[in-house]
Amino acid sequence: MSARATDRSTGHQQGSAAPVRAPHRHDLDGLRGLAIGLVVVYHVWFGRVSGGVDIFLVLSGYFFIGSLLRSAESPAPLDPVPVVRRVTRRLVPALVVVLAAVAVFTVAYHPATSWFETAKQTTASLLFLQNWHLADTASDYLAADPSVSPLQHLWSISVQGQFYLAALVVVFGSAWLLRARGRSVRGPLTALLAVLAVASLTYAATSDLPQTWLYYDTNARMWELLAGGVLACVAPWLRVPCPARIALSVAGLAIVFGCGMLLDGRSEFPGPWALVPVGAALALIVAGSVETGSADGNPFTRALASRPLLRLGTIAYALYLWHWPILIVYLVLSDRTEAGLTGGLVVIALSLVLAELTTRLIETPIRRPSGTGHTRTALVAVASTLAVLLAAGSVTWAGFIDRRTEQWAQQADLDPLTHPGAAALFAGADVPHAREEPSRYVAHADLPAATLDDCMSQPGQIDPLTCTYGDPDAERAIALIGGSHAEHWLPALDLLGQEHRFRVETFLKVGCPAVLPPSPDAEVGECEEWTFGVVDALTESRPDFVFSTSTRPVPDGPGDYTPDTYTALWHELADRDLPVIGLRDTPWLESNGVQYRAADCLARRGGTAESCGIDRADVLSVVDPAQAATADLPTVQLLDLSDAVCRTDRCRVIEGNVLIYRDSNHLTATYVRTLTPELDRLLGPATGWW
Numbered sequence: 002m003s004a005r006a007t008d009r010s011t012g013h014q015q016g017s018a019a020p021v022r023a024p025h026r027h028d029l030d031g032l033r034g035l036a037i038g039l040v041v042v043y044h045v046w047f048g049r050v051s052g053g054v055d056i057f058l059v060l061s062g063y064f065f066i067g068s069l070l071r072s073a074e075s076p077a078p079l080d081p082v083p084v085v086r087r088v089t090r091r092l093v094p095a096l097v098v099v100l101a102a103v104a105v106f107t108v109a110y111h112p113a114t115s116w117f118e119t120a121k122q123t124t125a126s127l128l129f130l131q132n133w134h135l136a137d138t139a140s141d142y143l144a145a146d147p148s149v150s151p152l153q154h155l156w157s158i159s160v161q162g163q164f165y166l167a168a169l170v171v172v173f174g175s176a177w178l179l180r181a182r183g184r185s186v187r188g189p190l191t192a193l194l195a196v197l198a199v200a201s202l203t204y205a206a207t208s209d210l211p212q213t214w215l216y217y218d219t220n221a222r223m224w225e226l227l228a229g230g231v232l233a234c235v236a237p238w239l240r241v242p243c244p245a246r247i248a249l250s251v252a253g254l255a256i257v258f259g260c261g262m263l264l265d266g267r268s269e270f271p272g273p274w275a276l277v278p279v280g281a282a283l284a285l286i287v288a289g290s291v292e293t294g295s296a297d298g299n300p301f302t303r304a305l306a307s308r309p310l311l312r313l314g315t316i317a318y319a320l321y322l323w324h325w326p327i328l329i330v331y332l333v334l335s336d337r338t339e340a341g342l343t344g345g346l347v348v349i350a351l352s353l354v355l356a357e358l359t360t361r362l363i364e365t366p367i368r369r370p371s372g373t374g375h376t377r378t379a380l381v382a383v384a385s386t387l388a389v390l391l392a393a394g395s396v397t398w399a400g401f402i403d404r405r406t407e408q409w410a411q412q413a414d415l416d417p418l419t420h421p422g423a424a425a426l427f428a429g430a431d432v433p434h435a436r437e438e439p440s441r442y443v444a445h446a447d448l449p450a451a452t453l454d455d456c457m458s459q460p461g462q463i464d465p466l467t468c469t470y471g472d473p474d475a476e477r478a479i480a481l482i483g484g485s486h487a488e489h490w491l492p493a494l495d496l497l498g499q500e501h502r503f504r505v506e507t508f509l510k511v512g513c514p515a516v517l518p519p520s521p522d523a524e525v526g527e528c529e530e531w532t533f534g535v536v537d538a539l540t541e542s543r544p545d546f547v548f549s550t551s552t553r554p555v556p557d558g559p560g561d562y563t564p565d566t567y568t569a570l571w572h573e574l575a576d577r578d579l580p581v582i583g584l585r586d587t588p589w590l591e592s593n594g595v596q597y598r599a600a601d602c603l604a605r606r607g608g609t610a611e612s613c614g615i616d617r618a619d620v621l622s623v624v625d626p627a628q629a630a631t632a633d634l635p636t637v638q639l640l641d642l643s644d645a646v647c648r649t650d651r652c653r654v655i656e657g658n659v660l661i662y663r664d665s666n667h668l669t670a671t672y673v674r675t676l677t678p679e680l681d682r683l684l685g686p687a688t689g690w691w
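Take the sequence shown: its letter number 603 is residue 604 in my numbering, and every next letter is one higher.
Hints listed in this document are in silico derivations from the structure and should not be mistaken for laboratory results.
C-beta: ideal position from N, C-alpha, C; glycine also.
Hints may contain errors.
[Unchecked claim] Taking CB as the label site, the calculated pair distances span:
| no. | residue 1 | residue 2 | range |
| --- | --- | --- | --- |
| 1 | R337 | S185 | 57 to 63 angstroms |
| 2 | V82 | D537 | 57 to 63 angstroms |
| 3 | D336 | R682 | 40 to 46 angstroms |
| 4 | L193 | G394 | 40 to 46 angstroms |
| 5 | R180 | S335 | 26 to 32 angstroms |
| 6 | Y562 | D537 | 25 to 31 angstroms |
| 7 | V199 | S335 | 43 to 49 angstroms |
Model the full assembly from the supplied sequences, consistent with the hints where possible.
Here it is as structure tokens:
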């Protein structure tokens, strides 16, 4: 991470007008080293958020605002160009090298179908917009596995880049206005930054936006950097006695070490609980001598300034850039979901070596040139060329896929003679030789209408959201409830609703099947809270039938099962006189505990509809497990379309020249539409409508 992108080097003007340098804080260099060490260890072995990133953000705000304030208070002209140049030289070259390495690995190892997302994230990272891209795609900051992006960690670098630009405008803009009126800069600027910090924290704590959005939201993160900035402003006024500073060190270090173990930062940050690591960082800044930078009798400050931590602090930014891609690459190459002790040590060792090389050969020569400066010029030229090539390649490939996707969206219905899809299984339709549709390059975009219409409750939202499909004027209604595995049946239900005159009312939520707690003392999570609201809405709207999935894959397989949370919901609906139609869930593609995308498998050398599939016995029990689960529930009728998705021994990824999966576990909307006749055959008797 870049906790000192422009720390004590902002003022380089010659003469008496130059800003006064702040005393060097070796203890804070060590704190950066400790924080990056925790980030790496937690990512590699624990799959948790350590709080180290939040400490980096505080330090970045402290150093950057402090350096800007010293420039603003000096008589020197306010010139933002040198600041921008130094920040760019600090952040961009090493970032470009890592992005280039990830791009090379992606092209060399991954199939072309997976390049699109890497291209999008590369462009976003170059523009320091990666956090917004991840927020928009609802990416969780989870434990690493081979399916996770190797660029996901760059969200925090993007937040810092945006903060640096905003802080430069605010501080220099305020200084220009105050100077023109002959007023002091520090007091009004401190008040302004404090107000902005409170506003940002309030937004993070009270916003009803999903947690998966807020985690990456710059506006929700800004208060963490501003907290450090406010402390930089008030530092000259602080006089803290040594015993109090020792107490702050003890408390701060205890929190730094314990934060990741006690708090679930992924679900709690950047809300009020982020005050814990932020407060620890502020305490440790104050615990050192803010005026002289000396240990001044504090043994904990001297410990932070130890040589190992100082070295980690020196390579902290490069280590942060490298450790996550190296971890993901290791998991991909080893085909594992966890690094383990030995693998983790290999990842950390390689990350340290690459971070050291990057710091010595790229960062330091660019930031602190010696001699004639030819080395800096050459390195900047190489980094700039790499950046241009990365941007051009990423934009070109993403544009190509976007055009293919748009062409697919405008394409008319497929010819059932050349692309019979599911009819090849349930009706024995002839299958001529033809290219599969949708193309493996655009399968990810072959989505149900509810997703395209933004008609799904997002993570963090518990209020039911409903839309109407089928025949909106019909008196009869089916309520489609659950998560994305209920949603992917919408294309067929929509067609049947139009044909047989019934409404399809959707109550859908991302990542949440419709579930209720199976016992009074069971945990009630977000999905259960949302389902309670859906049940109340159904009780009021009174659909003729409630339609949802009835099974899930057995964790660690084989086969499938019906969770108690499903039957608890069905009992509640029965009590409210709401009949249920339960449809068996479709197989999920998985190998060695890792889900894989059908399109990626097909794009690899030798990938076929057969080889990329999965044995039916691994994903489906011989008998639909929902039958036993509903033996005492006459209000639940079960449907099973497994034979229209799988063959007797194998669930392939292409049938009837139609690609079945858009990813690892969701059906393409195109294939679901080819399932309409078979669903028609089963749903008519279940409802008694035809």
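The hints, checked one at a time:
The hinted range of 57 to 63 angstroms is satisfied by R337 and S185, whose Cβ atoms lie roughly 59 angstroms apart. Checked against the hint of 57 to 63 angstroms, the C-beta distance between V82 and D537 comes to roughly 59 angstroms, which is consistent with it. Checked against the given bound of 40 to 46 angstroms, the beta carbons of D336 and R682, roughly 41 angstroms apart, stay inside it. Against the hinted window of 40 to 46 angstroms, the Cβ-Cβ separation of L193 and G394 comes to about 42 angstroms, which satisfies the hint.
Restraint check, R180 to S335: a C-beta distance of roughly 59 angstroms breaks the suggested window 26 to 32 angstroms. In this structure, Y562 and D537 meet the distance hint of 25 to 31 angstroms, their C-beta atoms being roughly 28 angstroms apart. In this structure the supplied range 43 to 49 angstroms holds for V199 paired with S335, their Cβ-Cβ distance being about 47 angstroms.
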